[in-house]
Amino acid sequence: MAGYSAYQLDPGPLEPSVLTQQHTHRSRDIWDGSVNMILNTRRCDGKLWDLVKKYPIHPRVLEVIELSGLYGVYRSNRPIIDRSLITSLVERWRPETHTFHFRTGEATITLQDVEVLYGLPVNGDPILGDELIRTIGDWQNICQRLLGFIPRPQDFNHNSLKVTALNAHMLEQLPLPDLATQDIINQMARCYMFWMIAGMMMADTSGNYLKLMYLPMLEDLNVVSSYSWGSATLAYLYRFLCKASQSNQNEIAGFLPLLQIWAWERVTVLRPQVIAQRDIENNFLATLPRGPRATRWFAHFSWTDTTKHVLKVFRDALDSMTEDQFIWEPYSDELIESLPDYCRIGRDIWRVRAPIFCWDVIEVHLPDRVMRQFGLKQMIPTSFLFDATHFHHDRRGRPNTNWKIEHAQWLPFWNQRLQYICDAPVNREPLRYDDPYLIWFRRITRLVIGNPTQRPQQQEGYVPNSTAYETMVRHIHSMVDKAKALGDQPSMEDLYIFRAMVRNEGEKCLTYVHEAARINVQADYRRDEVHDDHLHPPVRRRGKGGVAGRMARAIEKGRAPIEIDKSVSEDDHTTSDIGSISRGQTQEFTPGASGMTYQPTNTDIVLYMTPQISRDPSLSSLENVFGNYRPQHFENVPNFTSSPVPMSMEIPDAMTNLEDSNIEIEGNEMDDSNSEVDGNDPENASGGGEPSVKKKRTIFPKLCGTGSHQLNQHGIKKTTKGNKAENVTKSGNLKIWKFENLEIWKSGNLEI
1 MAGYSAYQLD PGPLEPSVLT QQHTHRSRDI WDGSVNMILN TRRCDGKLWD
51 LVKKYPIHPR VLEVIELSGL YGVYRSNRPI IDRSLITSLV ERWRPETHTF
101 HFRTGEATIT LQDVEVLYGL PVNGDPILGD ELIRTIGDWQ NICQRLLGFI
151 PRPQDFNHNS LKVTALNAHM LEQLPLPDLA TQDIINQMAR CYMFWMIAGM
201 MMADTSGNYL KLMYLPMLED LNVVSSYSWG SATLAYLYRF LCKASQSNQN
251 EIAGFLPLLQ IWAWERVTVL RPQVIAQRDI ENNFLATLPR GPRATRWFAH
301 FSWTDTTKHV LKVFRDALDS MTEDQFIWEP YSDELIESLP DYCRIGRDIW
351 RVRAPIFCWD VIEVHLPDRV MRQFGLKQMI PTSFLFDATH FHHDRRGRPN
401 TNWKIEHAQW LPFWNQRLQY ICDAPVNREP LRYDDPYLIW FRRITRLVIG
451 NPTQRPQQQE GYVPNSTAYE TMVRHIHSMV DKAKALGDQP SMEDLYIFRA
501 MVRNEGEKCL TYVHEAARIN VQADYRRDEV HDDHLHPPVR RRGKGGVAGR
551 MARAIEKGRA PIEIDKSVSE DDHTTSDIGS ISRGQTQEFT PGASGMTYQP
601 TNTDIVLYMT PQISRDPSLS SLENVFGNYR PQHFENVPNF TSSPVPMSME
651 IPDAMTNLED SNIEIEGNEM DDSNSEVDGN DPENASGGGE PSVKKKRTIF
701 PKLCGTGSHQ LNQHGIKKTT KGNKAENVTK SGNLKIWKFE NLEIWKSGNL
751 EI
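Start counting the sequence shown at 1; every next residue gets the next number (this note's numbering).
You may find that some hints are simply not true.
[What the hints assert, rightly or not] Restraint-style ranges between C-beta atoms, simulated for each label pair: (1) Ala168 with Arg428: 51 to 61 angstroms; (2) Ile150 with Arg78: 34 to 44 angstroms; (3) Leu418 with Leu486: 36 to 46 angstroms; (4) Val473 with Asp524: 15 to 25 angstroms; (5) Asp524 with Arg78: 21 to 31 angstroms; (6) Pro412 with Thr304: 49 to 59 angstroms; (7) Phe149 with Ser226: 23 to 33 angstroms.
Please keep in mind that the hints were generated in silico from the structure rather than gathered at the bench. A virtual CB, placed ideally from N, CA and C, is assigned to each residue, including glycine.
The task is simple: from the sequences and hints, build the whole structure.
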């Protein structure tokens, strides 16, 4: 797509000082779109667990397996391997450092993981031997002595034995009688252990052959537990991780259950939810030690919150993984103390920085690169002088090789391993984004694996978006950084340059993440401002509007945001220029002639007008009060202007022309003949009208604000005269004339 050459997401490394083999790594081909396959996982232990399920291991055989140090592998059983999950982890494995390079930093499988998860001994002699040239006859004699049967010649392939031959022999022997001799018990125990070692812990890529070189090491059952099976298993897994991370590989072997359970323990976005625990069906387990930590994952799972067997999802989850999605210390001190003794007996060397061995395999254990996994502060690690292409060397074409002599230059590191224990201050809080280690790490690592440009136009299934997210975040971060560089007082030239840069780079960024269609559309992502009174629409009421208590109940329920004076008629609402109510919304008052600002309260909003005689004839028209709806019965009414009345203010007497000293109020009726006023403004009007003849008084009417209560409280009565209703009240010096569209209040001082 056009624009890619102008804007490219650099996945790293920005500095090639650490990842020197990036040009042959699997991640390069994934970025280029040439490799997207799922690795084939090789092992040959399936029939072993079928056999164990059909014929539970005899308790006497289990005692021998327990003494050998391989009991934890048996108790943990065989999990179903997710090839896609394994592949996503291999894509982030780096042979140069023997660590996974995640977004949050380096992490790896350590000796602690091997011993805690599977109980394999880590502190012992290395798994090394003398690889002599042996004939098929020699191997037949060894199998007869140690395993109890003689395989056929066609069951051998060089120095390997067919799995089917061993399985057939064990089916003939099972179930073992309780009175079996100790030699038969030992031979059957070797069959189980040999199958677990060569078919599971150190499985090769053949898929149906077991390497016989491990069998002589099981001859003396009293010394089997003295070997460091844990470090050998880890070295063997390291070797196949290094091989599988290369671009030309399509399969992986080794102790893959260890790799998968390690990921489940630490990466929360990859793990399933455990529904119910399971255990091996064996009635004799009550007399034996509990299983290691890995038995937690021999269970029934739920995949509601995660997925399985989908490489795109796993890759995308790791590309966007955050700090809180990786557990650096899944094994607390309390958890470690609760495990059986065989799961923590080698804790003194969990942080040893030394080579580890498994016959021809030699790898290096580097806990100093993952100190956060031990609760310690992570510093910038130092490089280990080790050949980055070490995994190309193997035992092919190397007969009669004594691997102790072959690895003589590295053995002293392991033999003196207690001198190479890594240590650091205790890490009391997560690393900040600006920590020196993370700043260094982000420059030397391959941060993302998936490429946002390598996406078909009509892709089916899950569409990864983590790299697009990373692209946008980097773009925004760059904009913020450049804006900070401008300072507080940038020049106009700098602002124009910054504007052009934001526009151009933003368009390229949107194009790069397949969002170019947004460029020609105005950005409209904010909703319209919503006022509080929009949230409470008016409540439609039925029946008589003045029913006592209805308004109060509506206010309590939050369904009546506006309360008005009940003495104001509906016509007043429609003709008033100072405030109106339309569909539950209140228009704000504007400052009037008094020069004061109206501030409504939460309980009372008084809507009425104070009539005043204006000095300006142009503002004294009747339309200023009534608009275009002029009452027919007002022919000679003086011109008025409207202004809001504050809650308490001095009101000039605007009713001089209406005042008649001979006005008499009989009962509740008022004589309309005395209400005529002069149509001309007074020449000496001051303050909106002439002073009132009557003495000013202050009235404090207490209005309850509900329907007829207000009328009865202040002596207001309704009378019908012709087709026109009039309300008359007399309270102190307060006089009210209520017409169809106008309400005039007359008094000296009026406080409401």
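Verification of the supplied hints:
1. Ala168 with Arg428: 51 to 61 angstroms: Cβ of Ala168 to Cβ of Arg428: about 58 angstroms, so the range 51 to 61 angstroms holds.
2. Ile150 with Arg78: 34 to 44 angstroms: violated, 29 angstroms
3. Leu418 with Leu486: 36 to 46 angstroms: violated, 57 angstroms
4. Val473 with Asp524: 15 to 25 angstroms: 23 angstroms Cβ-Cβ, so the 15 to 25 angstroms window holds.
5. Asp524 with Arg78: 21 to 31 angstroms: violated, 56 angstroms
6. Pro412 with Thr304: 49 to 59 angstroms: At 52 angstroms between Cβs, range holds.
7. Phe149 with Ser226: 23 to 33 angstroms: holds, 27 angstroms
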